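J.: Residue strings, one per chain:
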Amino acid sequence: MKNSKIKSRLSVLGISAAWLATIALGFSGLASAQDTHKFAIANDLSGPSAYHGKTYSSGFSIYLREVNDAGGVGGKKVELIQENAERNVQKEVGFLRKFALQDKALAAIVVTTDGLFAAKPMGDTLKIPLMGIGVPELATSPTSPWLFNIFASYQDTVFAAIDHIFQTDKDPKIGVIYPDNQYGLEALRAAEIRMQKYSKPLAGKAVMSLRETDATTQALALKQAGVKYVIVQLAGAHIAAVLRDADKVGLDAMVYATTQGMDREPDLILGQSNGANLAKKFIGVGPWSKWNESSIPGVVSMRNAVMKYEKVTEAELGNIMYSNFVQGYVNAMVLVEALRRAGPNPTSEKVRDALNQIRDFDTKGITQPLTFSPDRHKGSNAVKLYRINVERKVYEPIGNWVAPN
Amino acid sequence: MSSLNFYRNYRLSYLEDRQLIAGIHNFWIRIWMLFLVAVLVCVPFVFESYLVYTLNLAAISVIGALGLNLLIGNTGQISLAHASFLALGAYTTAYLAKLDVPFILVIPISGAVAAAAGCLIALPSLRLKGLYLALATLSFYVIVDFLLRKASSLTGGSAGTHVPQPGIFSWTITTDRGFYFLILTTAVLCAIFVANLQRTWVGRAMMAVRDSDIAAEMAGISVFRTKLIAFALSSFLGGIAGSLLGYYLQFISPDNFSLAVSVAYIATIIVGGLGTVFGSIVGAIFMTILPELVRVGVHAISRIYPTLDVQTKGAFVEGAVYGLVIILFLMFKPEGMVRYWRDLMTYFRSWPFGH
Amino acid sequence: MEFFLQLMLTGIALGSGYALSGLGFVLIYKATGVFNFSHGHLTMAGAYFFYMFQVQLGLPPWWSVPAAVLSMFLVGVLIERYCLRRMVGESVISIIMLTIGLGTLIRNLVGLIWGTQPKAPVPLFEPGSIMVLGAQVPRVYIWTLIVATILIVSFVIYFRRSSQGVAMRAVAFHQDHASLTGISIHRIFALSWGLAGAMATISGILMVQLVGLDLSLDARGLSAFPAAILGGIDSIGGVILGGLIIGVAESMAGGYLDPLVDGGSKEVVGYIVLLLILMVRPYGLFGTPEVRKV
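Chains as they are written, first to last, in the numbering used here: chain A, 1 to 405; chain B, 1001 to 1355; chain C, 2001 to 2294.
Treat the hints as calculated values from the structure; they're not laboratory data.
Predicted, not measured: the structure shown is a model, and the values here were computed from it.
Some hints here could point you the wrong way.
[Said to hold, decoys possible] Below, a list of computed lysine to aspartate or glutamate pairs in the EDC-like style, where the Cα atoms sit at most 16 Å apart:
#, chain 1, residue 1, chain 2, residue 2
1, A, Lys104, A, Asp35
2, A, Lys91, B, Glu1292
3, A, Lys38, A, Glu337
4, A, Lys280, A, Glu391
5, A, Lys173, A, Glu192
6, C, Lys2119, A, Asp214
7, A, Lys308, A, Asp69
8, A, Lys364, A, Glu337
9, A, Lys76, A, Glu66
10, C, Lys2119, A, Asp267
11, C, Lys2266, A, Asp214
12, B, Lys1150, C, Glu2267
13, A, Lys76, A, Asp35
14, A, Lys98, A, Asp124
15, B, Lys1333, C, Glu2090
16, A, Lys223, C, Glu2002
17, B, Lys1129, B, Asp1213
18, A, Lys280, A, Asp252
19, B, Lys1150, B, Asp1255
20, A, Lys91, B, Asp1255
21, A, Lys280, A, Asp267
22, A, Lys197, A, Asp171
23, A, Lys77, A, Glu66
24, A, Lys223, A, Asp252
25, B, Lys1333, B, Asp1343
26, A, Lys104, B, Glu1048
27, A, Lys308, A, Glu66
28, C, Lys2030, C, Glu2290
29, B, Lys1129, C, Glu2290
30, A, Lys281, A, Asp252
31, A, Lys350, A, Glu337
32, A, Lys228, A, Asp163
33, C, Lys2030, C, Asp2176
34, A, Lys98, B, Glu1048
35, A, Lys77, A, Glu337
36, A, Lys98, B, Glu1292
Assemble the whole structure, with the sequences as input and the hints as a guide.
T.: Below is the structure:
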């Protein structure tokens, strides 16, 4: 009896001590990082979009390191605060409150389209410029005072995909695979709008949730509808699954991936049995250049920065700079520019006003020039189309920038 | 003799027996109550916004836990569908608030809608026990989740919907502080309600059903009626909690009300203590604070050891700690935190005779 | 018609996977009276162990499968020994919550070790489809059906004929009487949990062939619950039938209902069927009603 009493008392003491130590450490940690400019992100570091989240913040941080090494902004370093919200909209919104109220961040980033949608009406309570790793059209049309899209939206990628299809096929049967949330619905809406422009109907649609890794039923349904082109508003693993399962059930269609669908190098697709043939059916559409496009000066300077800070060779760049790395890098470029223009003692409102004054911001070719104004919160609507280069295992651009209207 | 009357902890009249807060005639209890009220009122003025936000969420969790505890702790019916009642309350609130109904009405109505759904679930509970009931409630949850996602015109579907801020005539609650008082008042009212419910025939009937429903039926208690009341009340409280959640977060979606939420509530009442109001309160606060502490800990470690990439693993650490807490409590302290409290009280009461 | 046949065959194959998984529940329930909510998570852990042996350690598939199965057998035994022993005599809700807590812990440990990204173990069966009765059915489904059937049949034979199987049934029937005849209850409990872990692993490996390996596997394991309950938690024949019913229902829903309701009906259908059957037969199709004394 006595032995277990002592044990349980010790365990209670031990646990309380551990808690107190953690809290003490936590607060001491928080206190020490006061004197910097802060940007914050409610990221997904371990959830379904971890590829997007981690590469994004990696790109963002590399640019910040460049900036800090050159002296920071106004003599102070710039910092990125991260919290792991794992695509949970409630957590994302909770962290936004923390960023705005406790951390006094100058701008905040969330991962999900749904998070942006949720945060839209809270703009005036939070008073912090918001952007997302997701780039939905609904964030910026209608324009809301605090939400920004640095890049072309999903709607623009869908428009460009459909325009590309109509270049070669005057009566195409197009289907859309999308998840049942705001992110997915945007692609569906965009496809319907664009098909109306050509006065043709959308041939088929199928829902595929982010958690599904098997697209057999969706492929079957689209095959029933006679679809020849599929637009998939999902991530790389889903694109690979769609390609695989379309082949499995005998659906012969070109698969168009939107922005987030190129979240990995083509290894996933090429690594499957029959991968080389599957890769031929792939076309990706995205609003920023890829790491391997070394003819673009902006890309070259990004690569040099990565080689310098991550101490890797050129061959290994693909392991770091894929997916949303470029997005994070450019996003940081824009935010730091706004920070510089916001003058001394910047607040989140001043940063927002500065953003509204950026015109033709030059990312040295990584994107088209970015312009913002109080009425226009989307930097650009230009996208590029990509194919898979099977030998070099990278995404290669087809043609030049397209700006669907 | 008469001076002792002030400090006594026994009751001398039926009036005193009927008081809502037990022992309120006692001087020390009064002092303690005043102190508690003062502390609670001062909290939002002393602490900064994010902490108040966390406390608000904890208080909402308390209301939900009180409801679930009535069902599982007092009546012994297992339910995995609690999140669905929160969802129903929240979506009702979204719908009514958009019609500019004052929150004074919206909150009880949301509770009532959830209670109606609770009565629906009471029907299978007549024939099903234990495990089968748990599965039936699981089915209910899945069906409600599906319906919420598909009825997009009403609910906004999987994408979710915004909830306007609570208002009455021209006055709206917008700040964390304002919400704090709204939520705190509701929580206190619910706690007093549940605590006193356990003293009435309804509460005793529930416990009889929990302990042995066949014997209860033979003793003249209508098991059906008791279960119906239990489900209805539990869902009512869940609906209120959901309603407050909707108002506070200003945005709800079916993902907010997943199975994990139901499981979290069950864990809350087990950790706190089944069947007790104190357990619900303590459990809810504990379970709300725990993830925050883990998060702070993960941050601290990532500052000290930046190479370990703890942040990524952070969510899993949180989940693992969560699961571990449930397991450890069930293995070693199945009566929950209430037991700690009771042991502590017993220790002091029987001091210096100890053990 | 081809569409219907394709769905039917897919459903039967899927259902046999569910039946196999459901057998694991039933085994634990029959022997120890515990309903293991963490079965789905064990399934996932088993699949990840398989991945570890096959890809990370590089063993050939016909070594990695037994290795994974054995590891999870051990895990099952350990769970029984250290967690469940203490819970003897506790209420149903406590035990259910314990298994839920275990499941959460297992899931997060798996995530901690292997991360969230989907993994790509080497497929065990050749890809592509073959024509069966005029419908194109992917080979993996056929193989799943074959493997699951063999395992189920061997399991039933084992349970009915072998001495351990008889001992398990004795313990399930009446613990005290069984121990009086010299059967070691602890050993039987350990054996049943171990076997359940092993079966979960095989079912997990099969599932991986069908849908890939990532952290959502535990939610798929959850689909085996309706299968087990539907048939009656203590009836092996019931579980098999239940699994097939749920598998076919899901497949049909996916093919016919999904286009009508824009997706998502697959998961619900299983539970709707379950609810309907429970209303009519509260102990499942073939389950034995509980007789309780006051």
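J.: So which of those numbered hints doesn't the model satisfy?
T.: none
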